[in-house]
Amino acid sequence: MRSYLAEFSVISPRSLDEALWALKQRPAPAPIAGGTDLMVLLNAGQLPPGAYLNLHSIPELRRPIEFVNGEACFGALTTYADARRHPEIRKRLPMLCLAAREIGALQIQSRGTWAGNIVNASPAADGVPALMAYDAAVELSSASGVRSVALADFYSGYKQTARRPDELVTAIRIPVPEKEAVQYYRKVGTRKFQAISKVLLAGIMVLGKDRRIKKIRLVYASVMPYTYRARAVEAVLEGRVPDGAAIKAAVAALRSELKPIDDVRSTAAYRLRVACNLLEEFLSASSPSRGEARRG
Amino acid sequence: MTAKISFTLNGKPWTGNVHPLKRLLDTLREDAGLTGTKEGCGEGECGACTVFLDGQVVMSCMVPTCQAEGKKVTTIEGLVSDGDLHPMQDCFIQEGGAQCGICTPGMIMAAVAYANDPDSAEDMREALAGNLCRCTGYTRIYESVKKAMEKMSVSEIR
Ligand SMILES: Cc1cc2nc3c(=O)[nH]c(=O)nc-3n(C[C@H](O)[C@H](O)[C@H](O)COP(=O)(O)OP(=O)(O)OC[C@H]3O[C@@H](n4cnc5c(N)ncnc54)[C@H](O)[C@@H]3O)c2cc1C
Ligand code: FES
Ligand code: FES
Numbered sequence: 001m002r003s004y005l006a007e008f009s010v011i012s013p014r015s016l017d018e019a020l021w022a023l024k025q026r027p028a029p030a031p032i033a034g035g036t037d038l039m040v041l042l043n044a045g046q047l048p049p050g051a052y053l054n055l056h057s058i059p060e061l062r063r064p065i066e067f068v069n070g071e072a073c074f075g076a077l078t079t080y081a082d083a084r085r086h087p088e089i090r091k092r093l094p095m096l097c098l099a100a101r102e103i104g105a106l107q108i109q110s111r112g113t114w115a116g117n118i119v120n121a122s123p124a125a126d127g128v129p130a131l132m133a134y135d136a137a138v139e140l141s142s143a144s145g146v147r148s149v150a151l152a153d154f155y156s157g158y159k160q161t162a163r164r165p166d167e168l169v170t171a172i173r174i175p176v177p178e179k180e181a182v183q184y185y186r187k188v189g190t191r192k193f194q195a196i197s198k199v200l201l202a203g204i205m206v207l208g209k210d211r212r213i214k215k216i217r218l219v220y221a222s223v224m225p226y227t228y229r230a231r232a233v234e235a236v237l238e239g240r241v242p243d244g245a246a247i248k249a250a251v252a253a254l255r256s257e258l259k260p261i262d263d264v265r266s267t268a269a270y271r272l273r274v275a276c277n278l279l280e281e282f283l284s285a286s287s288p289s290r291g292e293a294r295r296g
Numbered sequence: 001m002t003a004k005i006s007f008t009l010n011g012k013p014w015t016g017n018v019h020p021l022k023r024l025l026d027t028l029r030e031d032a033g034l035t036g037t038k039e040g041c042g043e044g045e046c047g048a049c050t051v052f053l054d055g056q057v058v059m060s061c062m063v064p065t066c067q068a069e070g071k072k073v074t075t076i077e078g079l080v081s082d083g084d085l086h087p088m089q090d091c092f093i094q095e096g097g098a099q100c101g102i103c104t105p106g107m108i109m110a111a112v113a114y115a116n117d118p119d120s121a122e123d124m125r126e127a128l129a130g131n132l133c134r135c136t137g138y139t140r141i142y143e144s145v146k147k148a149m150e151k152m153s154v155s156e157i158r
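Taken in sequence, the protein lines are chains A and B.
Going left to right, the first sequence walks through residues 1 to 296 as this note's numbering numbers them.
Going left to right, the second sequence walks through residues 1 to 158 as this note's numbering numbers them.
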């Protein structure tokens with residue numbers, strides 16, 4: 001059923017200050033960025049009636065991707081197309097391009113935003129795991145100030161986020177990883193493109209000269225009720241050489257850390273098995289991948 | 001709640017009083033009277049509603065009309081110049097790239113965007129992957145696009 005438009009109102013602010021002021025209303029208006037999540041709900045008659053805040057009218061939010069102090073900085077309206085087309089993103093943050101390619105077709109990538117993917121908080125989001133593996137931070141602005149939250153600390157449960165209703169995501173900061181970092185991004189779905197994932201792993205690993213793991217990030221989508229960083233497994237692996245014994249220990253740790261969801265797209269048992277297989281595949285890739293991450 | 005919304009439609013200024021959340025698809029068809037743009041799914045999956053928004057391909061069923069404010073919108077009707085079909089349209093006719101025609105306007109918009117900027121996708125298949133066709137089996141569509149791209153000199157590309 002279509003929604004009845006008379007039940008909806010839209011505020012199109014002319015400046016960021018005006019937008020943040022509008023967000024002080026109770027209930028706070030819900031931001032609309034690219035609309036690729038919200039318009040689906042509207043068309044299906046499932047969008048809650050009320051006030052919405054059009055982010056496209058705010059000039060401050062429409063800034064290009066910048067690199068500042070070794071970090072890429074995305075704005076609220078940075079789209080997947082923007083990232084895919086950016087030569088520095090392709091070279092230095094290749095998982096973001098792999099993730100962008102996964103998200104709908106080009107007509108969705110030209111509209112959908114990274115900030116929208118973060119705030120929508122789907123456990124199956126494809127952009128969030130890549131950002132989280134890169135240690136991205138989310139800048140949240142409200143009329144009372146600006147704060148920054150690590151994306152890895154942003155989620156606490158299904159659709160539970162650190163964002164208050166009066167806050168806008170105004171930037172996403174993504175540190176460029178070490179040159180020698182091994183990067184891994186693999187989505188397992190029912191077909192190659194344009195399918196929601198059953199399991200996804202985004203990983204980063206930096207080895208020291210002694211081949212011991214100096215830093216590792218393991219981020220899973222579609223396994224837990226929110227995009228999940230497997231910190232216990234990371235702790236097992238840090239300081240170890242990723243050899244057969246370490247991989248075995250990591251897989252055992254993953255089995256006890258993950259409590260996979262069971263839904264229409266897949267079973268918990270399948271998800272756990274594939275999550276372990278992806279971890280093994282990633283840890284076995286010992287040479288820097290230069291972004292040639294695999295896809296499934 | 002309606003609002004005055006203005007954008008450039010196929011090169012000419014357009015202004016209308018529409019609800020800001022009304023789908024650009026519906027504004028084009030109902031308020032601007034341009035019914036070339038089609039609706040298939042209404043959920044961003046089929047591409048029948050593809051138009052250009054400031055030169056980029058978008059699904060017009062996913063765009064609230066307020067976000068077209070001040071922008072350039074190009075629809076299938078805007079590809080015709082001085083009564084002549086765009087070379088992409090000609091080639092779809094000649095090569096049998098259209099059968100029932102429901103997917104065709106969106107398919108042609110996606111194809112023209114790719115022809116204008118081949119770097120926007122890895123290849124033609126990816127460029128057209130957001131456009132579903134239940135009739136042709138795609139082979140004739142790919143042939144149409146290839147032929148049009150050969151024919152289109154850079155100056156002809158719009
Ligand atoms: C056909 C189709 C295919 C898709 N395929 C995929 C896919 O493969 N993988 C995937 O991950 N997603 C997919 N999506 C979902 C969607 O495209 C993404 O989640 C996208 O990133 C959402 O961004 P948006 O700007 O369009 O969000 P919107 O719909 O505008 O907003 C989404 C949510 O974020 C909030 N929000 C947006 N911006 C801000 C901000 N700056 N501050 C605070 N809150 C904000 C909104 O209030 C809303 O709750 C698909 C969608 C469609 C229609
Ligand atoms: S009608 Fe818009 S994508 Fe199908
Ligand atoms: S020609 Fe009928 S759907 Fe494509």
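If you are wondering where the hints come from, they were derived from the structure by calculation, not from laboratory data.
Check the hints yourself; a few may be wrong.
[Claimed, not checked] Using C-beta positions, here's what the derived DEER-type ranges look like: (1) A:Gly-70 with B:Ser-81: 42 to 50 Å; (2) B:Asp-90 with A:Leu-41: 38 to 46 Å; (3) B:Met-1 with A:Trp-21: 15 to 23 Å; (4) B:Arg-134 with A:Asp-210: 24 to 32 Å; (5) B:Met-1 with A:Leu-41: 14 to 22 Å; (6) B:Lys-151 with A:Glu-280: 30 to 38 Å; (7) A:Ser-156 with B:Val-80: 40 to 48 Å; (8) A:Ile-196 with B:Pro-118: 44 to 52 Å; (9) A:Asn-69 with B:Thr-15: 43 to 51 Å; (10) B:Thr-8 with A:Asn-69: 34 to 42 Å; (11) A:Arg-14 with B:Arg-134: 18 to 26 Å; (12) B:Arg-134 with A:Glu-66: 40 to 48 Å; (13) A:Glu-18 with B:Gly-55: 48 to 56 Å; (14) A:Glu-280 with B:Met-1: 50 to 58 Å.
[As the list claims (entries may be wrong)] EDC-like cross-link-like pairs, simulated, lysine to aspartate or glutamate; straight-line CA separation at most 16 Å: (15) A:Lys-259 with B:Glu-43; (16) A:Lys-192 with B:Glu-77; (17) B:Lys-151 with B:Glu-126; (18) A:Lys-91 with A:Glu-60; (19) A:Lys-248 with A:Glu-280; (20) B:Lys-12 with B:Asp-117.
Using N, Cα and C, we set each Cβ at its ideal position, and we do this for glycine too.
How does the Cβ-Cβ distance of Thr-8 of chain B and Asn-69 of chain A compare with 34 to 42 Å: does it lie in that range?
-> holds, 39 Å
CB-CB spacing for Ser-81 of chain B and Gly-70 of chain A relative to the 42 to 50 Å hint | holds, 48 Å
Mind checking the hinted window 48 to 56 Å against the Cβ distance between Glu-18 of chain A and Gly-55 of chain B?
-> Violated, since Glu-18 of chain A and Gly-55 of chain B (Cβ atoms, about 28 Å apart) do not stay within the stated range.
Using the Cβ atoms, figure out if Arg-14 of chain A sits within 18 to 26 Å of Arg-134 of chain B.
-> violated, 44 Å
Within 40 to 48 Å or not, the Cβ separation of Ser-156 of chain A and Val-80 of chain B?
-> Violated, at about 54 Å.
So does Asn-69 of chain A sit 43 to 51 Å from Thr-15 of chain B, Cβ to Cβ?
-> holds, 45 Å
Are Lys-259 of chain A and Glu-43 of chain B close enough, with their CA atoms no more than 16 Å apart?
-> violated, 32 Å
Is the distance from the Cβ of Glu-280 of chain A to the Cβ of Met-1 of chain B consistent with 50 to 58 Å?
-> holds, 55 Å
Is 38 to 46 Å right for how far apart the beta carbons of Asp-90 of chain B and Leu-41 of chain A are?
-> For Asp-90 of chain B and Leu-41 of chain A the Cβ distance comes to about 40 Å; the hint holds.
Indicate whether the distance between the beta carbons of Lys-151 of chain B and Glu-280 of chain A respects the range 30 to 38 Å.
-> Violated - the Cβ-Cβ distance for Lys-151 of chain B and Glu-280 of chain A, about 51 Å, lies outside 30 to 38 Å.
Mind checking the alpha carbons of Lys-12 of chain B and Asp-117 of chain B for me, to see if they're no more than 16 Å apart?
-> violated, 24 Å
Is 40 to 48 Å right for how far apart the beta carbons of Arg-134 of chain B and Glu-66 of chain A are?
-> holds, 44 Å
Hint violations for this structure: numbers 4, 6, 7, 8, 11, 13, 15, 16, 17, 18, 20, all remaining hints satisfied.
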